[in-house]
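Q: Chains as they are written, first to last, in our numbering: chain A, 221 to 494; chain B, 3 to 337.
I should point out that these hints are in silico values taken from the structure, not numbers from a laboratory.
Quick reminder that beta carbons are idealized off the backbone N, C-alpha and C, glycines included.
Be aware that one or more of the hints could be misleading.
A short, non-exhaustive set of chain A residues, derived as facing chain B with CB atoms under 8 angstroms [claimed, not checked]:
hint, residue
1, Arg240
2, Leu243
3, Thr247
4, Thr251
5, Gly327
6, Leu334
7, Asp493
Listed next, with one range per pair, are the computed distances between beta-carbon atoms [said to hold, decoys possible]:
hint, chain 1, residue 1, chain 2, residue 2, range
8, B, Lys107, A, Arg341, 16 to 26 angstroms
9, B, Glu178, A, Ile476, 49 to 59 angstroms
10, B, Tyr13, A, Leu439, 40 to 50 angstroms
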Amino acid sequence: MSADTLTRATIGTGHAHFGRLLLAEWTKLRTVRSTVWSFVVLIVAVIGFTSLFTALTVGQWSTMQASDKAQIQLDPVPQILGSGLFLGQLAVCVLGVLIASSEYSTGMIRSTLLASPHRLRMFAAKAIVFTIPVFVIGEALSFASYEIGKAIFSGKVPTSLSDPHVTRAVIGSGLYLSVLGLFALAIGQIIRHTAGAITTVIALVLVLVPLAGLLPGNLGKHVSAYLPTNAGQQIIQIYPKNQILTAWQGFGVFAIWTAVLLAVAAFFLVERDA
Amino acid sequence: MIEVRDLVKRYGDTTAVDHLSFTVEPGRITGFLGPNGAGKSTTMRLILGLDRPTSGSSLIDGKPYRDLPDPLRYVGALLEARAVHPGRTAFNHLLYLAQTQGVPKSRVNEVLALVGLDTVAKKRTKGFSLGMGQRLGIAAALLGDPKLLILDEPVNGLDPEGIVWIRNLMKTLAAEGRTIFVSSHLMNEMAVTADHVVVIGRGKLIADTDIEDFISQFSQHVVLVRTPQPEELTRAVTALGGEVTARSDGALMVSGAEAPKIGEAAARDGIVLHELSPQRASLEEAFMELTKADVEFHAPDGQWAVQPPGQPPTPVQDAVSGSLAAKALGGDDVR
Numbered sequence: 221m222s223a224d225t226l227t228r229a230t231i232g233t234g235h236a237h238f239g240r241l242l243l244a245e246w247t248k249l250r251t252v253r254s255t256v257w258s259f260v261v262l263i264v265a266v267i268g269f270t271s272l273f274t275a276l277t278v279g280q281w282s283t284m285q286a287s288d289k290a291q292i293q294l295d296p297v298p299q300i301l302g303s304g305l306f307l308g309q310l311a312v313c314v315l316g317v318l319i320a321s322s323e324y325s326t327g328m329i330r331s332t333l334l335a336s337p338h339r340l341r342m343f344a345a346k347a348i349v350f351t352i353p354v355f356v357i358g359e360a361l362s363f364a365s366y367e368i369g370k371a372i373f374s375g376k377v378p379t380s381l382s383d384p385h386v387t388r389a390v391i392g393s394g395l396y397l398s399v400l401g402l403f404a405l406a407i408g409q410i411i412r413h414t415a416g417a418i419t420t421v422i423a424l425v426l427v428l429v430p431l432a433g434l435l436p437g438n439l440g441k442h443v444s445a446y447l448p449t450n451a452g453q454q455i456i457q458i459y460p461k462n463q464i465l466t467a468w469q470g471f472g473v474f475a476i477w478t479a480v481l482l483a484v485a486a487f488f489l490v491e492r493d494a
Numbered sequence: 003m004i005e006v007r008d009l010v011k012r013y014g015d016t017t018a019v020d021h022l023s024f025t026v027e028p029g030r031i032t033g034f035l036g037p038n039g040a041g042k043s044t045t046m047r048l049i050l051g052l053d054r055p056t057s058g059s060s061l062i063d064g065k066p067y068r069d070l071p072d073p074l075r076y077v078g079a080l081l082e083a084r085a086v087h088p089g090r091t092a093f094n095h096l097l098y099l100a101q102t103q104g105v106p107k108s109r110v111n112e113v114l115a116l117v118g119l120d121t122v123a124k125k126r127t128k129g130f131s132l133g134m135g136q137r138l139g140i141a142a143a144l145l146g147d148p149k150l151l152i153l154d155e156p157v158n159g160l161d162p163e164g165i166v167w168i169r170n171l172m173k174t175l176a177a178e179g180r181t182i183f184v185s186s187h188l189m190n191e192m193a194v195t196a197d198h199v200v201v202i203g204r205g206k207l208i209a210d211t212d213i214e215d216f217i218s219q220f221s222q223h224v225v226l227v228r229t230p231q232p233e234e235l236t237r238a239v240t241a242l243g244g245e246v247t248a249r250s251d252g253a254l255m256v257s258g259a260e261a262p263k264i265g266e267a268a269a270r271d272g273i274v275l276h277e278l279s280p281q282r283a284s285l286e287e288a289f290m291e292l293t294k295a296d297v298e299f300h301a302p303d304g305q306w307a308v309q310p311p312g313q314p315p316t317p318v319q320d321a322v323s324g325s326l327a328a329k330a331l332g333g334d335d336v337r
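Isolated chain A (complex conformation) (with noise of 0.2 angstroms):
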């Protein structure tokens, strides 16, 4: 070792910026193999799952009754998006949480906060850097999946991007996940344990649904609706599931949800020890 090698002229100067904690966090994404695999989890559960219940249901179709499949030709493009989403969009759950919680598991949060000191700067960046990959391939997921589920359904149930609100169901199932990415992240930032955090958002995400529906009646319905993800995935509906929440109201309550727990989130970021 020799004093040469320290000096300061390889170093440069400069003022820490926003610009720097992006392309910062987009390394940090991008290095590390879970990242890598969510997404082709992702890719490969939404166009698989897809693939495969419209083509079950097509091969059962001769021997479905008239009312199922009147059912479906009235609204088949939640049937095409829904069947992939459900299971791909735990991909984007996990990975939403490792993306914060990783950082405490490793021990990785004290680099961090060493050279980005402003906490709420590089959450802020590390939220932006994340759902710009989840927006990119959740819209074109979302593309590809009505486009797979309307071939495999030519012939039997015609459905087209022209068609009313159809678009906006496809579009919105893309922003559906851009969101379920954040609020996943959010989750994870708050409990900072990998496990806790995935059982967490696996819960509310497909277990409070079900459960929603055993409270009786009215109330029933209302809490359901008001749920994150049931709200939310009202985008995806061409004739609203409840008549409780239009498609951009649900999808308004799921923002909100996120809103409020990026908020909580960032506020603990800030208040705890590292």
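Use these hints to put chain B onto chain A, whose structure you have.
A: Quick look at chain B alone, frame taken from chain A:
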């Protein structure tokens, strides 16, 4: 320069850092000493803004850590706990840190070569040994070419070669005019590297002094004497103001009197001496005594509780511990 002012950190009922104040002067190595659990790591985390103090403040050149522009160019820190994602390569770990500071990619390769990790730069850190992990931590600390380095137990868990490497690196960095604040629970390690020491125990300041003063103040002088006339010698030494303790092998351990004085007194009184040799207690022992006393001072009274009521406690003292413990119990006088 680091200024710690009346810093307090409590976790529930536990006070990890207790009204701590000291200054780390620029351009030298300041050792931060204390037994495990004394609050060294917590203090460093407070200085670095990772933890929030209960009260008090710590400033780096007059600013809180979070207000430093591009902090890694200003302060390099090696924390005791692992701070690396095991699934990421050494290069990528340093790359993202560099990107936050606008430090060029070439500097990443430079520091990797500097710490001798260039051959494993593209390996994921999962397979790194403790020593390699420590080197990566040093590389991260040096990334922004900072003037100030904060190192928490940098030699912990290293093999002898690694220890020598860290020691030489610190000396080189200090010779370049950098300020180094390094914690350790090993006194001897600090004796060979530090210019100044800040000693804490139970979160409280015990000493803040020049290393030379510290060594001379806390290295206890004991003289071993062998004589066929122990009673006479004890009387003569007591007259000089010394204290005598008999060892089981018959040797007398004299503290509080220098060897020449003991020899002169023995000659005057016609006492035969078979051996007269000054024993220098090691710095490590001195430090252990110093901090042990501090721990004893704060310990719950369980140690005495077993005594039957009415009987005074009878603390056991040996030749070395007596006056040292008393000094340490004096607390702030030590400064």
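Q: All the hints need checking, so say for each whether the structure fits it.
A: Hint by hint, here is what the structure shows:
1. Arg240: Holds: closest Cβ of chain B sits about 5 angstroms from arginine 240/A, inside 8 angstroms.
2. Leu243: 5 angstroms, holds
3. Thr247: 4 angstroms, holds
4. Thr251: 4 angstroms, holds
5. Gly327: Result: holds, 5 angstroms to nearest chain B Cβ.
6. Leu334: 6 angstroms, holds
7. Asp493: 4 angstroms, holds
8. Lys107/B x Arg341/A: 16 to 26 angstroms: 22 angstroms, holds
9. Glu178/B x Ile476/A: 49 to 59 angstroms: Because 55 angstroms falls inside the window, the suggested range holds.
10. Tyr13/B x Leu439/A: 40 to 50 angstroms: This hint holds: roughly 43 angstroms between Cβ atoms.
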